[in-house]
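With chain A fixed as given, assemble chain B onto it according to the hints.
Residues per chain are reported as follows:
Number of protein chains: 2
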Amino acid sequence: MTTPLRLGIAGLGTVGAGVVKIVQRKADLLARRAGRPIAITAVSARNRDKERGIRLGDYAWEDDPVALARRDDVDVFVELMGGADGPAKAAAEAAIAAGRDVVTANKAMLAHHGQDLALAAEKAGAVLRFEAAVAGGIPVVKALTEGLAGNEVTRVMGVMNGTCNYILTRMEHAHLPYEDIFEEARKLGYLEADPTLDVGGIDAGHKLALLASVAFGAQVDFAGVALEGIERISIADIEQARDMGYRIKLLGVAQMTGRGLVQRMSPCLVPADSPLGQLEGGTNMVVLEGDPVGQIVLRGAGAGEGPTASAVMADVMDIARGTRLSTFGQPASALAQATPAVSSVPAAFYLRMELQDKPGALAKIATVLGEVGVSIDRMRQYQHTEATAPVLIVTHKTRREALDQALAGMDATGVLEGHPVAIRIEDV
Amino acid sequence: MTTPLRLGIAGLGTVGAGVVKIVQRKADLLARRAGRPIAITAVSARNRDKERGIRLGDYAWEDDPVALARRDDVDVFVELMGGADGPAKAAAEAAIAAGRDVVTANKAMLAHHGQDLALAAEKAGAVLRFEAAVAGGIPVVKALTEGLAGNEVTRVMGVMNGTCNYILTRMEHAHLPYEDIFEEARKLGYLEADPTLDVGGIDAGHKLALLASVAFGAQVDFAGVALEGIERISIADIEQARDMGYRIKLLGVAQMTGRGLVQRMSPCLVPADSPLGQLEGGTNMVVLEGDPVGQIVLRGAGAGEGPTASAVMADVMDIARGTRLSTFGQPASALAQATPAVSSVPAAFYLRMELQDKPGALAKIATVLGEVGVSIDRMRQYQHTEATAPVLIVTHKTRREALDQALAGMDATGVLEGHPVAIRIEDV
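Just so you know, the sequences run in chain order A and B. Under my numbering, the first sequence has 404 at position 404, and the numbering climbs by one with no breaks. Under my numbering, the second sequence has 70 at position 70, and the numbering climbs by one with no breaks.
Only chain A is shown next, with the shape it has when bound in the complex:
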């Protein structure tokens, strides 16, 4: 077992450079742990001349990642280019077809093509792994697939987009509106080129779909993720939720119910004193619930050179040690197609509205809620500002369908200024 494991790395951005640094700087440690050296034989990137702060002179260079993927001196194709389709997918397919193992950090590619790629890998006898695609440095795919392999997973939750959590917690601490902090995040380079990927919940939704597949033995179904971003979260909601003992998080929830698989990525209220509620800034957190293990919480950096490269190396080291596991924890050919849940799991909801200063206004709202069977857990009316008064309501658990009826009924009363805001409160 002293034959080196030879890596071909496609994509030399932040993460790619991070992987090169680990392989170069920790060579002895890696060899001791793997029982064999880890070597890089070839690399590929869009721009050969860019200064990356790493030595690349010892490695063969390929302009074409597909050519890199097919090289005879590459055992593991490390795909760090990104993008759901295009060169990343073409190269991953080429690598698999050539019998190479593949390690990728590409959540978009796997969310859209994970099932096909995993099937192809199985057919070719190749391994396809993606620890770095979910929650950066947190070894959550491993925890779920292997650490909790004896469990029936009941629910997976997570704050898996550091930028959104940065924006939400920064809004709270700086007492500034979404637009200001969004602009700040953009200037700091925290946002993707297309910011909708972050703030629209798409990036986090990709990750959730991958975790749901592993957790529930179902084929990845990104189309089945109900997506809602943080764009409409106001500073008023953040502060008033806090006042009620909650914080707002862009929370992913995947849950297998009698009515099918629930996959939701949306702003939720969570108790301020829960691990999820205490999460600040760009940190990620994943909560795994299983029978019989109960609740396991994992927390760590969700992005960045070091954490993501660490996760890439976890997969590489597994392969180096001879560990050969299915992409999604069981053979892709055996994964069931998920049945998306027809209705959501009941939950309590936070409602915020601006009540007009009219006699009987609050009674009308309470009556509407009562009529559709939504009962009130807590209600607060704040001091009038000009002609309206902010009213907060926390409901008891109710179905989303009943709540939607209530929201329509509340609009119809004519005692509200604008529409009520409704945000789900997740039991965590």
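Simulated from the structure, these hints should not be mistaken for laboratory data. Any given hint could turn out to be false.
To be verified - Covered stretches of chain B, as calculated for chain A (at least 3 residues, CB under 8 Å):
#, region
1, 11-25
2, 66-79
3, 143-151
4, 163-171
5, 187-201
6, 339-351
Claimed, not checked - Listed below are several chain B residues computed to face chain A (Cβ distance under 8 Å; list not exhaustive):
#, residue
7, L30
8, G217
9, Q219
10, P307
11, S310
Heads up, the beta-carbon is just placed ideally off N, CA and C, and yes, glycines get one too.
The following block gives chain B in isolation, referenced to the frame of chain A:
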């Protein structure tokens, strides 16, 4: 790969019964994930007739765990008897000698004999795994050995004895002294038959020594763990630490320094708003720090039937899937002997003392600290009660040796009632 993996389980207490339940109730799920059925062929326990709420009729019974370990129809010997020596060790050795793989939850046995057992297993081509021995259901051995395999681990910390954390947090919430809560914990069955194992930090120290071995590639060195229990923690310390923004935890810290390996299991102050500081009751938490991953925090139930059985099954499932890893993350024959650190890492300290009501008393204390080079970060003197006033001091970072000098000097001033209490503040 449809040959069943055959388990022989020795020890049918809480954890053993939990493992039997998983194998029986989740047979289909396990088979799907492992690619082969998981079967129990034989069991052993002290009392055959005890009612355990599980069906055992299909399994062969062995009175002698050594005989069980040697059975030809056992692939994996699952050791859940406990005890550092005696039958557990004899049976584990017999299993290894017979070429069986071994999965154990036995921290005491591994803390004392882990190196020898791992060497024997390697020689025999057998696998020896122990996920369940550390932090219950949290897959921390896997996270460290595999998930962070690309990292140089810099520090491992953990609250790994749920009973101690229960006692400390319960003292705080109930506002009751140690003795009362100790008694309560005893009645609730939270304490080991020999409670020193819990409150003396020994059980948690075993776990720390195992994690340190994996983290730093060193032979297990339980004798090198500086142990201090929670027996002398007073309600005054808990409350006054809280007042300064800290909570007291029985915290394990393993750290590789230029002066050798630090292994400490002792009461420490941690910031109340840190993940460790927020930990309540019997929950465990392990903090892993590595380059380049940064900080990873894992949280979950540290004991109990379900969580511990879940961890046992993680090892069983690895073996069923063909994953064959070294016990401590690299070959035992390659593990260095740890050099225990000659001096501890500098830290801030919390000091509590009862100052006599004499003019110049506080000045004398401050002078003593200054003379040995210990500088004061914060100080609070509380209202006098009878003849003395409680004084709290948080020092800047200092070496333990300087602090010990200061403590001796403070005793010599003659202005204190009793001795000062000194508790380390860990940077977390």
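Status of the hints after comparison with the structure:
1. Interface restraint, the region 11-25 of chain B with chain A: holds (3 residues with C-beta to C-beta distance below 8 Å; minimum three).
2. Remark: the region 66-79 of chain B is not confirmed as covered by chain A, as 0 of its residues place a Cβ nearer than 8 Å to a Cβ of that chain, below the required three.
3. Remark: the region 143-151 of chain B is confirmed as covered by chain A, as 7 of its residues place a Cβ nearer than 8 Å to a Cβ of that chain, reaching the required three.
4. Counting residues of the region 163-171 of chain B whose C-beta sits closer than 8 Å to any C-beta of chain A gives 0, which falls short of three, so the coverage hint is violated.
5. Only residues whose C-beta sits within less than 8 Å of a C-beta in chain A count toward coverage, and the region 187-201 of chain B has 0 of them, not enough to reach three; the restraint is violated.
6. With 0 residues carrying a beta carbon less than 8 Å from a beta carbon of chain A, the region 339-351 of chain B misses the three-residue requirement, and the given coverage is violated.
7. About 7 Å separates the beta-carbon of B/L30 from the nearest beta-carbon of chain A, less than 8 Å, and the hint is met.
8. This hint holds: B/G217 has a C-beta 7 Å from the nearest C-beta of chain A, less than the 8 Å allowed.
9. Taking 8 Å as the C-beta cut-off, the interface hint given for B/Q219 is violated, the closest approach to chain A being about 14 Å.
10. A cut of 8 Å between beta carbons decides the hint on B/P307: the least distance to chain A is about 5 Å, and the hint holds.
11. The beta carbon of B/S310 is positioned within 8 Å of a beta carbon in chain A (closest approach about 4 Å), and the interface hint is therefore held.
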